[in-house]
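Number of protein chains: 2
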Amino acid sequence: MDFNEQYDIYLKAVEKKIEEYFKSLNIPQKNVLDAMKYAITAGGKRLRPVLVQAAAEVCGADMEDAATVALAMECVHNYSLIHDDLPCMDNDDLRRGRPTCHKVFGEDIALLAGDGLLNSAFEILSDKSRYKSISDKALLKIVRCLSVASGVFGMIGGQVVDLECEKCNDVTLEELSYIHANKTGALIRGAVKCGCLCADNDKGNEYIDILDNFAEKLGLAFQIKDDILDFEGDEAVLGKPIGSDEKSGKSTYVTILGMDSAKEYLDKCTQEAKAVLEPLGEKGEFFSCLADYLLKRNY
Amino acid sequence: MDFNEQYDIYLKAVEKKIEEYFKSLNIPQKNVLDAMKYAITAGGKRLRPVLVQAAAEVCGADMEDAATVALAMECVHNYSLIHDDLPCMDNDDLRRGRPTCHKVFGEDIALLAGDGLLNSAFEILSDKSRYKSISDKALLKIVRCLSVASGVFGMIGGQVVDLECEKCNDVTLEELSYIHANKTGALIRGAVKCGCLCADNDKGNEYIDILDNFAEKLGLAFQIKDDILDFEGDEAVLGKPIGSDEKSGKSTYVTILGMDSAKEYLDKCTQEAKAVLEPLGEKGEFFSCLADYLLKRNY
Numbered sequence: 482m483d484f485n486e487q488y489d490i491y492l493k494a495v496e497k498k499i500e501e502y503f504k505s506l507n508i509p510q511k512n513v514l515d516a517m518k519y520a521i522t523a524g525g526k527r528l529r530p531v532l533v534q535a536a537a538e539v540c541g542a543d544m545e546d547a548a549t550v551a552l553a554m555e556c557v558h559n560y561s562l563i564h565d566d567l568p569c570m571d572n573d574d575l576r577r578g579r580p581t582c583h584k585v586f587g588e589d590i591a592l593l594a595g596d597g598l599l600n601s602a603f604e605i606l607s608d609k610s611r612y613k614s615i616s617d618k619a620l621l622k623i624v625r626c627l628s629v630a631s632g633v634f635g636m637i638g639g640q641v642v643d644l645e646c647e648k649c650n651d652v653t654l655e656e657l658s659y660i661h662a663n664k665t666g667a668l669i670r671g672a673v674k675c676g677c678l679c680a681d682n683d684k685g686n687e688y689i690d691i692l693d694n695f696a697e698k699l700g701l702a703f704q705i706k707d708d709i710l711d712f713e714g715d716e717a718v719l720g721k722p723i724g725s726d727e728k729s730g731k732s733t734y735v736t737i738l739g740m741d742s743a744k745e746y747l748d749k750c751t752q753e754a755k756a757v758l759e760p761l762g763e764k765g766e767f768f769s770c771l772a773d774y775l776l777k778r779n780y
Numbered sequence: 482m483d484f485n486e487q488y489d490i491y492l493k494a495v496e497k498k499i500e501e502y503f504k505s506l507n508i509p510q511k512n513v514l515d516a517m518k519y520a521i522t523a524g525g526k527r528l529r530p531v532l533v534q535a536a537a538e539v540c541g542a543d544m545e546d547a548a549t550v551a552l553a554m555e556c557v558h559n560y561s562l563i564h565d566d567l568p569c570m571d572n573d574d575l576r577r578g579r580p581t582c583h584k585v586f587g588e589d590i591a592l593l594a595g596d597g598l599l600n601s602a603f604e605i606l607s608d609k610s611r612y613k614s615i616s617d618k619a620l621l622k623i624v625r626c627l628s629v630a631s632g633v634f635g636m637i638g639g640q641v642v643d644l645e646c647e648k649c650n651d652v653t654l655e656e657l658s659y660i661h662a663n664k665t666g667a668l669i670r671g672a673v674k675c676g677c678l679c680a681d682n683d684k685g686n687e688y689i690d691i692l693d694n695f696a697e698k699l700g701l702a703f704q705i706k707d708d709i710l711d712f713e714g715d716e717a718v719l720g721k722p723i724g725s726d727e728k729s730g731k732s733t734y735v736t737i738l739g740m741d742s743a744k745e746y747l748d749k750c751t752q753e754a755k756a757v758l759e760p761l762g763e764k765g766e767f768f769s770c771l772a773d774y775l776l777k778r779n780y
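Taken in order, these protein sequences are the chains called A and B. Anchor point for the first sequence: position 223 equals 704 in our numbering, and the numbering is continuous, going up by one each time. Anchor point for the second sequence: position 267 equals 748 in our numbering, and the numbering is continuous, going up by one each time.
Source of the hints: derived by calculation from the structure; they are not laboratory data. There may be inaccurate statements among the hints.
Once the Cα atoms are required to be at most 20 Å apart in a straight line, the calculated DMTMM-like pairs of lysine to aspartate or glutamate come out as [said to hold, decoys possible]:
| # | chain 1 | residue 1 | chain 2 | residue 2 |
| --- | --- | --- | --- | --- |
| 1 | B | Lys618 | A | Asp617 |
| 2 | B | Lys618 | A | Asp546 |
| 3 | A | Lys684 | A | Glu545 |
Output of the computed footprint for chain B on chain A, the stretches with three or more beta carbons under 8 Å from beta carbons of chain B [as the list claims (entries may be wrong)]:
| # | region |
| --- | --- |
| 4 | 498-509 |
| 5 | 513-526 |
| 6 | 578-592 |
| 7 | 605-613 |
| 8 | 617-628 |
| 9 | 632-641 |
All C-beta atoms, glycine included, are put in the ideal place defined by N, C-alpha and C.
Working from the sequences, and respecting the hints, build out all of it.
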């Protein structure tokens with residue numbers, strides 16, 4: 482199947498799950514639900530839920546179950562974006578071309594909407610009635626994978642070092658790599674691992690380390706590209722002002738390496754990610770195309 | 482066994498788990514770990530972990546496993562306290578006689594410490610290596626129970642209505658009851674339910690509704706007592722200034738009912754909570770003493 486068609490299937494599957502989930506929520510607190518929904522329906526590439534489903538599919542998992550796990554993954558991603566945008570953190574006004582959650586709903590509701598999405602992720606993963614064939618054991622492993630990726634050992638650990646480094650001017654390449662390996666990398670790796678765990682079979686066990694290794698390199702390439710786009714991107718396509726990293730004095734792969742070397746590094750990481758996929762043969766094709774797609778993206 | 486001795490055993494068991502957990506965390510981000518630990522080691526009554534263990538014990542669960550589940554419960558409780566104290570929420574400077582987390586570590590680290598504790602709760606619940614005898618099925622049910630109690634259907638739902646009601650002057654008794662049934666009640670009920678689920682047996686299934694009903698009434702009594710203490714308490718014992726509810730124009734059981742009626746209502750709820758325990762016979766004794774203890778507490 483064509484890469485774009487496949488990507489679109491995964492994207493639509495998770496967006497259907499998001500819609501169904503918010504339709505099913507029936508509580509009187511409309512504003513916090515609106516804030517959660519506002520954040521999670523802002524579009525975006527849906528990279529993490531796509532990775533969950535792609536990994537699940539090559540391992541032979543039930544794809545309806547995988548889409549539900551992908552929904553939980555996207556809840557965690559959007560919880561982190563809402564909290565990251567808050568005034569006490571990055572203090573961002575725009576995300577994906579729209580005002581950030583706290584700009585629309587206020588800081589208090591945005592904080593709780595983030596908290597709500599994180600709790601929802603685990604509520605979704607632990608509700609057996611949502612799944613057709615996945616075992617308790619596999620779901621518990623997925624809860625573990627996601628909570629480790631999202632917690633102090635993963636995403637939060639990266640955010641903390643990021644905050645510390647904002648206060649100093651001489652961030653090294655090693656520090657920057659540490660930040661991104663955790664802040665964005667941990668959840669991208671968590672996505673493919675959760676996908677493999679959905680399958681709950683030998684294939685899943687066989688592929689999990691390969692795809693984890695791939696996702697590690699893909700996550701790095703993804704971040705380098707983000708940093709390049711902050712210099713060279715089109716504001717209308719990006720949905721946020723360009724040059725914001727430079728303006729805020731933030732260290733990025735471009736400021737540390739320079740543009741030419743950053744582009745070379747991006748190419749190198751993309752090639753390395755693709756090379757890791759070799760043992761998967763034809764089954765690695767979607768992931769290989771995904772690495773190229775992310776290399777060439779303009780948003 | 483004497484009630485106080487029993488309470489102390491549960492209290493020490495969870496404090497030991499807290500200490501072990503933070504000793505085991507080995508990441509370079511010392512400040513976020515310090516903030517998490519600062520919040521969770523501030524003492525307090527440890528009511529929720531005590532309830533987990535007491536419910537687990539009457540159902541015949543492994544008590545080492547129950548103490549680990551109690552640790553996860555206390556992580557969730559402290560995540561909610563850190564976020565609740567933030568400037569965009571209640572903007573509190575003092576908690577349990579000490580500066581609040583964001584006063585010591587800054588808002589950004591406090592936000593992430595709260596997030597970290599919530600993720601840690603699910604990481605602890607999903608790590609099979611921490612448990613001796615509990616099944617995957619039971620752990621998954623506990624994850625579900627805790628995430629529902631803590632999320633938009635529970636605690637967060639109550640917080641949102643609380644924020645809304647702060648903006649209006651004519652809060653009704655019904656609205657106040659709704660807020661507390663969710664904001665504090667949901668997690669107190671979640672605690673006894675998680676305790677019963679630890680047992681993963683017929684006794685657990687038999688007792689879960691009884692103890693849930695008890696916890697609902699206990700949670701209400703707990704909140705009424707809190708409101709009374711805000712008027713009549715001793716600042717040195719409470720660890721926070723008294724009269725803060727009145728000063729901020731906050732509606733409480735005392736402002737709505739008046740002090741005499743609030744005290745009558747407290748007595749009534751405590752008696753009702755104890756009456757629910759009848760089917761448990763002798764096994765209900767600890768819970769009955771707990772209701773009296775909370776009625777008489779001065780902090």
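Evaluated hints:
Between the alpha carbons of B/Lys618 and A/Asp617 the distance comes to roughly 6 Å, so the proposed pair stays at or under 20 Å and holds. Annotation: proposed proximity of B/Lys618 to A/Asp546 holds, straight-line Cα distance about 18 Å (limit 20 Å). Proposed proximity of A/Lys684 and A/Glu545 is supported: the alpha carbons are some 18 Å apart, at most 20 Å. As drawn, the region 498-509 of chain A meets chain B at 3 residues by the rule of a beta-carbon pair under 8 Å; at three or more, the given contact holds.
Given as covered by chain B, the region 513-526 of chain A passes the check, having 3 residues with a CB less than 8 Å from a CB of that chain where 3 are the minimum. As drawn, the region 578-592 of chain A meets chain B at 5 residues by the rule of a beta-carbon pair under 8 Å; at three or more, the given contact holds. Counting residues of the region 605-613 of chain A whose beta carbon lies closer than 8 Å to any beta carbon of chain B gives 4, which reaches the threshold of three, so the coverage claim holds. Under the rule that three or more residues need a Cβ within less than 8 Å of chain B, the assignment of the region 617-628 of chain A holds, with 9 such residues.
Residues of the region 632-641 of chain A with a Cβ under 8 Å from some Cβ of chain B number 7, which satisfies the need for three, so the listed coverage holds.
Violated hints for the displayed structure: none, as all numbered hints are satisfied.
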